[in-house]
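Student: Protein chains in written order, with numbering that gives the first Met the number 0: chain A, 0 to 322; chain B, 0 to 322; chain C, 0 to 322.
Since no wrong hints were added, every one of them can be taken at face value.
Calculated cross-link-like contacts (lysine to any residue; reagent style SDA-like; alpha-carbon spacing at most 25 Å):
1) C:K7 with B:R128
2) A:K107 with A:G31
3) A:K7 with C:Q49
4) C:K189 with B:S37
If you're looking for bench data, these hints aren't it; they were derived computationally from the structure.
Residues per chain are reported as follows:
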Amino acid sequence: MATDTRLKEQLPDLTERIVATYSEVGTINHLGHTKLPSYEAVIEVCRDLQEIIYPGYGRRQNLHLANVAYHVGDLIDGLHDKLTLQFARSFRHEYEGHADEQPDLDDKDFEARAQQKAIEFLHRLPDLRVVLADDVQAAYDGDPAAKSLDEIIFCYPGVEAVTIYRLAHELYRLGVPFIPRMMSEWAHSKTGIDIHPGAMIGRSIFIDHGTGVVIGETCEIGDRVKLYQGVTLGALSFPKDEHGRVIRGHKRHPTIEGDVIVYANATILGGATVIGHHSIVGSSVWLTRSVAPYTLVSMEKPSLRYKETDSPGPSELEGNYQI
Amino acid sequence: MATDTRLKEQLPDLTERIVATYSEVGTINHLGHTKLPSYEAVIEVCRDLQEIIYPGYGRRQNLHLANVAYHVGDLIDGLHDKLTLQFARSFRHEYEGHADEQPDLDDKDFEARAQQKAIEFLHRLPDLRVVLADDVQAAYDGDPAAKSLDEIIFCYPGVEAVTIYRLAHELYRLGVPFIPRMMSEWAHSKTGIDIHPGAMIGRSIFIDHGTGVVIGETCEIGDRVKLYQGVTLGALSFPKDEHGRVIRGHKRHPTIEGDVIVYANATILGGATVIGHHSIVGSSVWLTRSVAPYTLVSMEKPSLRYKETDSPGPSELEGNYQI
Amino acid sequence: MATDTRLKEQLPDLTERIVATYSEVGTINHLGHTKLPSYEAVIEVCRDLQEIIYPGYGRRQNLHLANVAYHVGDLIDGLHDKLTLQFARSFRHEYEGHADEQPDLDDKDFEARAQQKAIEFLHRLPDLRVVLADDVQAAYDGDPAAKSLDEIIFCYPGVEAVTIYRLAHELYRLGVPFIPRMMSEWAHSKTGIDIHPGAMIGRSIFIDHGTGVVIGETCEIGDRVKLYQGVTLGALSFPKDEHGRVIRGHKRHPTIEGDVIVYANATILGGATVIGHHSIVGSSVWLTRSVAPYTLVSMEKPSLRYKETDSPGPSELEGNYQI
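Taking the hints into account, I'd like the entire structure generated from these sequences.
Tutor: Next comes the structure, spelled out in structure tokens:
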């Protein structure tokens, strides 16, 4: 490539200016600290867990009851080490964030705590499989387009997002910092469904299509709830402390009781908002207060107008009609 | 890593408990069956097809009319084998789902049927290119931000989703099970646009931005239709059989006639709903009944209120104002 | 695989028919031209830039102020070459699109211009880091669910989309064709957030969750603006020229003044639409005209109806109730 080497001579100076900003603007770099959890390692962990929960659908084919134990045993053994390493990093990272408030700890302490949590987490997998089997069944029962349970496991982003959520939620309950959110953001980027690991979700949930769904940290959702794409279960407003800083940790997101259906692009906001069981919330509804059980909530009917019938087609119409 | 080996001794027992759930909860594992189609192989097939339809934009550069035949011939030859293998797996999988209703078949029967369908599918590519060229042109004509057709092919998720849809729809029409949905979910995860392979879509469709668009299995869409992000063409309600099970297979999604424009986040529901040609449906409209041709459908104007003018800024406002 | 070789004999003829369409339908292939920018190379460039802006979070761990200069210097040196190569391709491609209107140019001219732009761009990185640090802080201050700045950088798609936007916007301002849109579409496919590189966005923007957000090419956004998922800042209508072709290049998208909050799935349209500072636009609002500062815009309250209390559950209800 015929580039001008004199121009390239500016690069060392430019590098120096960039490095200088690492001291001047230290909030968005992570230098001189211990290692953070690795995003790639967290994704690998998620994929291993999917392989254990849904064996035979993923990377490894030709599994049967006689050989699956070897495959799963191998995955569990590897997960024990991967989880221990990543958990130890996340505990150490959290500790350094509040080192002043805490006793002195060394690497062995973090690893011991991490291994303990890793094993506790792995022990929850058998029960999680039972819960997820109900979620898969709920998707099949709820969608006439579904041809088989295999199609649900292979092709339903809602099931993938709920699977990663239920795994991340267990880590959240175990007090593992940081990693549950990395897992949920991986699922979010794959599916468009953003479920905070802190949310509490009952049995047999079905999220259909799912792109744009947001379920906030302090949501409480009952059993057999059905959500469609674009549904937001969000915060209404954030009380501030005397310094104008948002107060963290109180319930900010709604409660959805059992057997509720929320249609596409509806928005339900507020920690005090309770949607009573067996209610139906229609498309594009925006709701910020509680409703009783068995309520139907819907928007006003839209208005219709007619255009001149000699209309020359949509492009012209766009130009004339201020929609 | 200083992990406690005694804790690791729990892992074999844990593995056993997980494996036990594969018998207890058999609905979400695929053990002792023949191979399923491979998701990775289906993605590879999609990429090969994109390379054939839009040569010169993808992995291979410096193509010209004198050498492109070698490149395409090679891709077609490979696709023949890949498609035959994956189709055979999907036919066999479907067969095992209803083995009782069907005559005995062996692997050769599935492969012969698969190869036949693979060749039929490949023969449809020349006509598909003509149809897709109109889709690309419609995107360019419909978006003032587009600078060139190359930008459309490179940077427009709507065109990518429609390309994969038109390919998957041909497989759907050929009766290939399972794989069309895997293709459409791959496109969904990349683009946020969820088009069921069963939908019937006319010429010169343009889906702009596209994130959150859902087009259901039994939709019928005319020519020169324009859809914006977040538009749902969905089902209204699902008639149940006497056992309360959803009845599958009838028309559940709307019909959109030619030259219709549907703006962002509008939701149109129901198998009996027909949007007459040259109509415009405004943003966030929720529509569950038919409208005549040349209709403009829009929401009521929103309400405005004014805040005290000494307002201290948005964060405080959020706290005070229950939006 | 037991495939019928006689059937395969159709493939050469099929290949010929496909290749024939490259001449018949020449608009969607790129044959006999010089190389286009490579999408893979553009993604690699984006990842290198993220590594420079947020060192220590990405691929390379254990960085500290004593060794980070080597890492960054190496990345900058590589970026100089990658950017020069890709810019040269995009300039040449644009030139061939309007060769008639321009003087004769050869490869060296394109490379010299490309290198100049590459260096100008790299010189803007130090200031961009300062701007992005404010965006990260705005996300932390705006979301009570955020536990640390690290979590923002790791797990907030809005921050990733804004980072890629600010980089692409600099290239847009430098007149580099084609590549800014490739960058923004990469971010769109990862985050569901579609920000056109031409948009003008002030300091400390926060896009929460973000899936489905669309910010059009001619938007102007002030400081400290907060947007939620599904918000569209779009075009209202496209004036056509006498041939019915869309007129390109004038302001088609709204202006959002400082300290405005726009809630989930709101749609604001039109180049003449100005949302006054400190205003709040509620969920699912559809707005096509200007509002004064300190305005609260919200939808009418939705209507509520009650169902018979002996309601048999949601699936039946769906069947009976036309939502």
